[in-house]
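Visitor: Single-letter residue listing:
There are 4 protein chains.
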Amino acid sequence: MFNVGLIGLGYWGPNLARVLNQTQRCKFVACADLQPQRLEKITRQYPGVQGFASLADMWEKVDAVAIATPISTHFDLAHEALSRGKHVFVEKPLAHTSAKAQQLVDLAKRNKLTLMTGHTFLYSPPVIRVKELIQSGVLGDLNYLSFSRVNLGLYQKDVDVLWDLAVHDISILLYWLGETPTHGTSFGRACVQRDKNDVAFIWLQFPSGVIASIEISWLSPQKMRRTCVAGTQRMVVYDDTEPNEKIKIYDRGVEFTAPQNFGEFQLTYRTGDIVSPHLGNSEPLLTEIEQFIECSETGATPRSSGEFGSNVVRVLEMVTENRTLFKGAMPEALAGSRR
Amino acid sequence: MFNVGLIGLGYWGPNLARVLNQTQRCKFVACADLQPQRLEKITRQYPGVQGFASLADMWEKVDAVAIATPISTHFDLAHEALSRGKHVFVEKPLAHTSAKAQQLVDLAKRNKLTLMTGHTFLYSPPVIRVKELIQSGVLGDLNYLSFSRVNLGLYQKDVDVLWDLAVHDISILLYWLGETPTHGTSFGRACVQRDKNDVAFIWLQFPSGVIASIEISWLSPQKMRRTCVAGTQRMVVYDDTEPNEKIKIYDRGVEFTAPQNFGEFQLTYRTGDIVSPHLGNSEPLLTEIEQFIECSETGATPRSSGEFGSNVVRVLEMVTENRTLFKGAMPEALAGSRR
Amino acid sequence: MFNVGLIGLGYWGPNLARVLNQTQRCKFVACADLQPQRLEKITRQYPGVQGFASLADMWEKVDAVAIATPISTHFDLAHEALSRGKHVFVEKPLAHTSAKAQQLVDLAKRNKLTLMTGHTFLYSPPVIRVKELIQSGVLGDLNYLSFSRVNLGLYQKDVDVLWDLAVHDISILLYWLGETPTHGTSFGRACVQRDKNDVAFIWLQFPSGVIASIEISWLSPQKMRRTCVAGTQRMVVYDDTEPNEKIKIYDRGVEFTAPQNFGEFQLTYRTGDIVSPHLGNSEPLLTEIEQFIECSETGATPRSSGEFGSNVVRVLEMVTENRTLFKGAMPEALAGSRR
Amino acid sequence: MFNVGLIGLGYWGPNLARVLNQTQRCKFVACADLQPQRLEKITRQYPGVQGFASLADMWEKVDAVAIATPISTHFDLAHEALSRGKHVFVEKPLAHTSAKAQQLVDLAKRNKLTLMTGHTFLYSPPVIRVKELIQSGVLGDLNYLSFSRVNLGLYQKDVDVLWDLAVHDISILLYWLGETPTHGTSFGRACVQRDKNDVAFIWLQFPSGVIASIEISWLSPQKMRRTCVAGTQRMVVYDDTEPNEKIKIYDRGVEFTAPQNFGEFQLTYRTGDIVSPHLGNSEPLLTEIEQFIECSETGATPRSSGEFGSNVVRVLEMVTENRTLFKGAMPEALAGSRR
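Chains as they are written, first to last, in our numbering: chain B, 372 to 710; chain U, 372 to 710; chain R, 372 to 710; chain Z, 372 to 710.
Calculated from the structure, these hints are not laboratory results. Please read these numbers as outputs of a predicted model, since none were measured by experiment. There's no promise every hint is true.
The list treats identical chains as interchangeable, and a pair is accepted whether it falls inside one copy or across any two copies.
Okay, derived cross-link-like pairs now, DSS-like style, lysine-lysine, Cα gap no bigger than 27 Å in a straight line [claimed, not checked]:
| no. | residue 1 | residue 2 |
| --- | --- | --- |
| 1 | Lys528 | Lys594 |
| 2 | Lys398 | Lys594 |
| 3 | Lys412 | Lys398 |
Isolated chain B (complex conformation) (with noise of 0.2 Å):
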């Protein structure tokens, strides 16, 4: 059985503590983190864990390490642990490049070890029903997609809200239409503070014809987790606030007839049942590391594998760059609306 240990146990490591002691799939043996109260708080909730304020005492006592330190710290860290032979799962974004995140993909190839991303929404029971969905066919050809992410705060240091919050809408966008977008850009302001934007638009163009939107910001006053997805035959709601009723089913849709000899053309509207199918209530952060485990195991992919990860910063980076800034002016000016 494999022995783990976890790196950073700041605001996110303390869940990937409780599901690695929870797990019987592996041996939850270490941690790290240069604050001595964090260690000895987790070493005293789980009592066969050793606490480690040097990495490098770590090393011999694992076989793969999960790590959820800061995103600028990513990189050194999953390449020391790859480089040491040790499969590495890291929380999302893989890294703060794209061309670092290729670089742990490419070292964890050649060392021939699993190279995970904490991209948890892959996990989760409406996530992967709505996926299912897509798969079969029911919804039929996809026209679509619109994100919704926001609520008031929390901000983060590091990053801004793109980083921080469309990461998740871009993992399950990948993960859905099984494509990477060919073109995107986003456009935002940075109200609270300068030069991070703490509210974002993000549009993305994909081989298919499929087209995606996505809302995200720390300044709305009502929290919004909502994603539709259009399809030909049916369509679906996914809303991560409801209790219950995470995702319906709507079978609904537009049909189009071309003119006949009158040259009108018809559109017919089809309107069905509503159904919210029932989810399991599988926890999705347990069920990653357990495929991470797994997959360390066997030398299977992931799903959330480090190649996913990569081209999720990759879309992200795209949006980044390629904002929409308005430089040019407006053709004329525009007179007296202002009143």
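Dock chains U, R and Z against the given chain B, drawing on the hints supplied.
Guide: Frame of chain B; chains U, R and Z shown alone:
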């Protein structure tokens, strides 16, 4: 008292007929349409109204006209009416190009006539209340606005979703902000009919720094009529699908405290009461028509003046022409995520 | 084709006028009311209809009448009509006492005429759908039903909240269950007007073992039109305030396993999908009036027959007479909780 | 500082353990349970706590105890603790009969000890806020209250739905109104288990004239935690399933104007703003336990005193004994509606 005629008795015309008959401010004396059965129905319902199959006979009976015909005919009809010295109320959008719209504005000015655009939302109690909240300063400075106006159908024959639905949101935006955007772009897809977008997204940049996003769709399973106005002091959600609580005012915000000696910035979240103000139930369409009559009589400028309507057309034109098409390719191929 | 007259043009009458005019099944030829301006308005709107200030002149013009007058006049008007050989449709409740209602039923039978009560909800798509679900057995055996019909106003002048609002729920209950309660009681309070309850609660016991509770109020800040039907196999919530999902069918239940050798009983919870079936948008009032005409022609028994309406009145009477008044005192004084 | 012990580590006990450990007001030193693995789990989690399989050994270590055992054991355990001079906190309901509850109240008084019942809702921010609104008079006089507390499961082994769920609503009612009902009755059905009601309704009459209805069910497909408080000046809806707007205050009412010379009464409806006040997020259980400690130290009377808890039991007993059973028959047979 003014004699008013109504041109166009299709989908929307009968609603104007109802309020023209209801108001005591004018005499509703004439209506015109090419289809005899429509004329018959209206003249039977309102015995004092004379029906005209040809406009030529109608002009001498009226001092003012309301035009509710297909968009492509707005310019010609309004131009003729203004040329003949009649005050003109035109349904939105004012014209199919901004140049044509401006021509109407200029002609009305030259002939000292009232030209008004039927942006009915500017006369609805919730939209007026939000305008008051913005003007009074209780929201603080505005950070951003986000609009969603989506549902299944109804497809328009002569315009795409942008000119059909976004015309409402743009009119509301210009009214609320009292400024017109310097830049804008749109992104969309023609899913059901070739070359006519049925889903689209708009981004707008305003001179004050405010940004706005608009989502519009004829292909959404759920109906949404939702607007979020995020100010620095308060935030407002205006949901027109709510029967009773169309507006909610959130006493919420985030304050930024610059780094002190130890270099850590501080964000303070403020959460107070939520107030849903009682709104009168005056009918927007009646208010609007009565403002048209009053301005025709007094020479005052209506809220949704021709100039205002022309600015709305200009923004529609700008985001249509300046649409995001993603002609360029992505920097590097994104391999491996198609599964 | 039958000639039909309408008696009573107050609050509800104009709605009946609209569907009498709309249907092709009968000729709407006459209307009667004591107030001349009401007659004038209806006869102007429907040119083929003759107005009568006195009923005496109307009888010879009609084969059937619809009665929409105050409840206290239902009996006399229906009795006269039936005596003169006319088919009769009476708004709910059929009469102000069950004895009077039964007299009408008997008279109609004797004269071989159709007597129908205007329980419109029995013709509305969601109520019909729940009836089908119950009859088909997919809900299993019914355990209990709970109704809430509350809002602010509108106060009726001649009846209390029980006869005004609960009449709807009782008619729905009798229709769904196909049985009448053996026992019932009510509890309420006259808050605004002396001696007229504006809030009340009803408990009913049915022969099959099913129990039901009804909550009705003119004094509630939120409008509720909610019904829960709990079956052993499935449960249904019918919420008439929902624009799109009026019915939700829950595949949920609890199964009881009797104690095994170790003496512990077992309860198993079952949670499946939630389905909101698409309901047609036929208009209940039109369906109802067309059923009235058809039954008058064929002699068939309408769904909301006079007998059915009489049973509804009997239940209203039962819970009114058998109201819970708490004449006896509590066993011992309850001291000390007033603080 | 007081030494506190916890008796009963089943479903609820661990929650008490958490707050006993969290508070700085007392020392959590001991816990007791018959099952060794429960003891082990708690003592491992809270190293300073000693586990006892037998109560006899525990008494000398503690000044006060919290009891979270099955209801039928409350009396014996609380009685022994009070007899030994310990302050006692008992989970609700205080005892299984009002006589036993009163015995505990008397014993605590005699021994000058604090006896407190764990009616946690009395310490939750929304319940406290409604109490303040009632006390301040802004709601005017109260007309009626309506409670719904329904969901699917969880069945209790030793009590029916009335003692399991209605205990919450009755405690809230007595706290809000500051009076105890003079009369009450209940009506229910045992659907799944013989002789144990899983759905029930309660009616209560208060001395001030206020009436209340409570609906409770273990067999409802939707979860409801809804309370409506209708006052003459304002109305409040408290919905505990709402994440953010648990309380809504409606500035609504109906005013009655007595008949003038022409004999027609007048009702005026008033509709104002809706306010959802911000509520603090203090934890009720922690507040409650800290009040227990403080009252034990100072001799003050806790909000949910033994006497208060005894009154709650008395009401539960009253509506259980005085249940509506419909022994008498209906006046006449109701034929014809079974179809």
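Visitor: All hints are to be evaluated individually against the structure, with a verdict given for each.
Guide: The hints, checked one at a time:
{"no.": "1", "hint": "Lys528 <-> Lys594", "in the structure": "within (21 Å within a copy, 37 Å between copies)"}
{"no.": "2", "hint": "Lys398 <-> Lys594", "in the structure": "neither (38 Å within a copy, 39 Å between copies)"}
{"no.": "3", "hint": "Lys412 <-> Lys398", "in the structure": "both (19 Å within a copy, 20 Å between copies)"}
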